[in-house]
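These protein sequence lines are chains D and U, in that order.
The working numbering puts the first residue of the first sequence at 1, with every later residue one more than the last.
The working numbering puts the first residue of the second sequence at 1, with every later residue one more than the last.
Incorrect hints may have been included.
A pair holds if it fits inside one copy or across any two, identical chains being indistinguishable in the list.
[Stated by the list, open to error] Quick list of in silico lysine to aspartate or glutamate cross-link-like pairs, DMTMM-like style, CA-CA up to 25 Å:
#1 Lys321 - Asp246
#2 Lys327 - Asp127
#3 Lys86 - Asp115
#4 Lys157 - Asp191
#5 Lys157 - Glu304
#6 Lys157 - Glu205
#7 Lys86 - Glu244
#8 Lys287 - Glu244
#9 Lys185 - Asp62
#10 Lys327 - Glu102
#11 Lys327 - Asp129
#12 Lys327 - Glu11
#13 Lys321 - Asp115
#14 Lys321 - Asp191
#15 Lys157 - Asp62
#16 Lys287 - Glu263
These are computed hints drawn from the structure, not numbers from a lab.
Quantities reported herein were computed from a predicted structural model and do not represent experimental measurements.
Protein chains: 2
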Amino acid sequence: MPERDDTISAEERLIARYFRPLATHPGAFGLADDAAVVTPPAGCDLVLTTDGVIAGVHFFADDPPGAVGRKVLRMNLSDLAAKGAKPVGFLMSVALPAGIGEAWIAGLAAGLGEDSAHYGCPLLGGDTDHTPGPIAISITAFGTVPHGGMVRRATAKSGDCVLVTGTIGDAALGVLLRRDQALAKKWRLADAASAHLKQRYLLPEPRNALADAVLAHATAAMDVSDGLAGDLAKLCRASAVAAEIDVASVPLSDAARAAIAAEPVLMETALTGGDDYEIVLTLSPQKLAGFRNAARQAGVAVTEIGRVTTGQGARFLSGGKTMNFAKPSYSHF
Amino acid sequence: MPERDDTISAEERLIARYFRPLATHPGAFGLADDAAVVTPPAGCDLVLTTDGVIAGVHFFADDPPGAVGRKVLRMNLSDLAAKGAKPVGFLMSVALPAGIGEAWIAGLAAGLGEDSAHYGCPLLGGDTDHTPGPIAISITAFGTVPHGGMVRRATAKSGDCVLVTGTIGDAALGVLLRRDQALAKKWRLADAASAHLKQRYLLPEPRNALADAVLAHATAAMDVSDGLAGDLAKLCRASAVAAEIDVASVPLSDAARAAIAAEPVLMETALTGGDDYEIVLTLSPQKLAGFRNAARQAGVAVTEIGRVTTGQGARFLSGGKTMNFAKPSYSHF
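Same shape as in the complex, but just chain D:
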């Protein structure tokens, strides 16, 4: 071991101890340079996305640090999956309050390390600051697609089927349960159901296993992060089309179904609350069987929920009526 070098700052020591082990990409230079380098394979484009979390806004200050790290990485992985991109790596900016303690940083790095290995998305570099505000972590993630192949929002076609992965609304209900434990009783939820919804908020399941199938089959796709209703409206607007969604066919977990049975108004929460990190996509009816087969092989549940039509707006039809949402999409402003 070299003797202690006083020109090495505490910041460098923290980075070397906790974050360098995650920097397994050769272009990260062991986090010992100003910048990182990536070389997309010949014939590939690089897909770039950024998403972040702030304590008290996107997570609870007492959430385990490992879960916080995994959530913010997964939020970015979800964007890559929806675009049909294969992860390459990520950059991370971390702003931490002065009294945070090294155990929190160690926990953050452990969670990030677990997911970065699982999803094949190593740390490429970053930036670490103290802040007088709450913990804030911003990640920029990189992926590759064949040149010109990124699956866009703006390319849905009238007549396409609309599908969604997994289940919708769990996290939106889970965060309400986190804020007010008494709701579990009001919603007549079993402990396991309540725990399921809260877990879906704490730790989303990005659908990167489905990325190749999205790339091969979808006309358009996006990740559902601000609520299915608002996000599908964005996709329709970008594509200059409309969509008709059969609310009865929107996939719900047993836990969400139980809560909505007890409080039917929660269906609106499920469709507009956000934090789903599922993929909504459109594809030609001719591609439906092939896509279903690919999704089965990838182990990701997919559900057809409606059709793309001409016109504008995403209509959610329930019992023959169009639902009206007070606030179709999560918005910070």
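With chain D held as given, fit chain U onto it using these hints.
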């Protein structure tokens, strides 16, 4: 004009009004997708860097918003310049307190737009959140270099000359003047000198005009953001070499020279305070004349300040003695 669409959130409206005009890169898709796409030219690598600012830490809350935007973009451009990379574009995460007001956002976007056009570095995408904490802006910038050509920290050679661009220490003195106006009198500074130092803190001058010359001539380089002493120590450590710096030859502005003449201890502040956003680089003595010529053509002042030697550590020699720094490098931890 289309009629108001209630499915468009306030967040989308702000982004469309203020940030979409900056998204001139075709791969930004007008900020209307989950992700952006870049395709490095054949034979090129993509260089990635990230750096951010937090109000009260990296800038003053009453700084003009345009200057804040320009500073954080320039901090990232400085990293690209030091690596010999040509800017491609940037992603930006913005966290804003609830009461910020649209004028601040408009000012931020105007400053960013000015520099993004000047440096040829368009907005590719981003993320906008409300925060209960201070204003925080994080940028990830992208550049290109010929494959394998990124100028690294770890490749300085014993016998190389050490050079630095511009002048050192202005911003470190400027931030002290911002915090305590009475210092201008204590340091016997004329108003213009005081204004110069404060301006150098407010708005760094990244040396992107020199990037090609750095790429063609330097053995190693990095941007000076945490203080020349600490940053050169990092470069030496990464390269497993030492450096001897002649403090008398470190380039100072007239304003910094006046302050140091009044308070000689400020030389340590100048060498260790940070926020310079100059480039420190090493090159073979055979390349010195060619580099000086290229720098002259680029309009960037460069000064030889010492030599790379065998051993370890960066020694700053003043009057035949090695200076000892209480804190050689800015560190957040």
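Here is what the structure says about each hint:
1. Lys321 - Asp246: Classified as within; 10 Å inside a copy, 80 Å across copies.
2. Lys327 - Asp127: Cα proximity of lysine 327 and aspartate 127: across copies only (20 Å, versus 35 Å in one copy).
3. Lys86 - Asp115: Cα proximity of lysine 86 and aspartate 115: one copy only (15 Å, versus 32 Å across).
4. Lys157 - Asp191: Neither. Shortest intra-copy (43 Å) and inter-copy (64 Å) distances fail the 25 Å Cα cut-off.
5. Lys157 - Glu304: within (16 Å within a copy, 62 Å between copies)
6. Lys157 - Glu205: Neither: 28 Å inside a copy, 48 Å across copies.
7. Lys86 - Glu244: neither (31 Å within a copy, 46 Å between copies)
8. Lys287 - Glu244: within (19 Å within a copy, 67 Å between copies)
9. Lys185 - Asp62: within (23 Å within a copy, 48 Å between copies)
10. Lys327 - Glu102: between (40 Å within a copy, 22 Å between copies)
11. Lys327 - Asp129: between (35 Å within a copy, 17 Å between copies)
12. Lys327 - Glu11: So lysine 327 and glutamate 11 pass the 25 Å test across copies only (13 Å; inside, 43 Å).
13. Lys321 - Asp115: neither (42 Å within a copy, 51 Å between copies)
14. Lys321 - Asp191: Classified as neither: same-chain Cα gap 34 Å, cross-chain 71 Å, threshold 25 Å.
15. Lys157 - Asp62: Neither: 44 Å inside a copy, 49 Å across copies.
16. Lys287 - Glu263: neither (37 Å within a copy, 75 Å between copies)
In the structure shown, a violation is registered for the earlier hints numbered 4, 6, 7, 13, 14, 15, 16, in ascending order.
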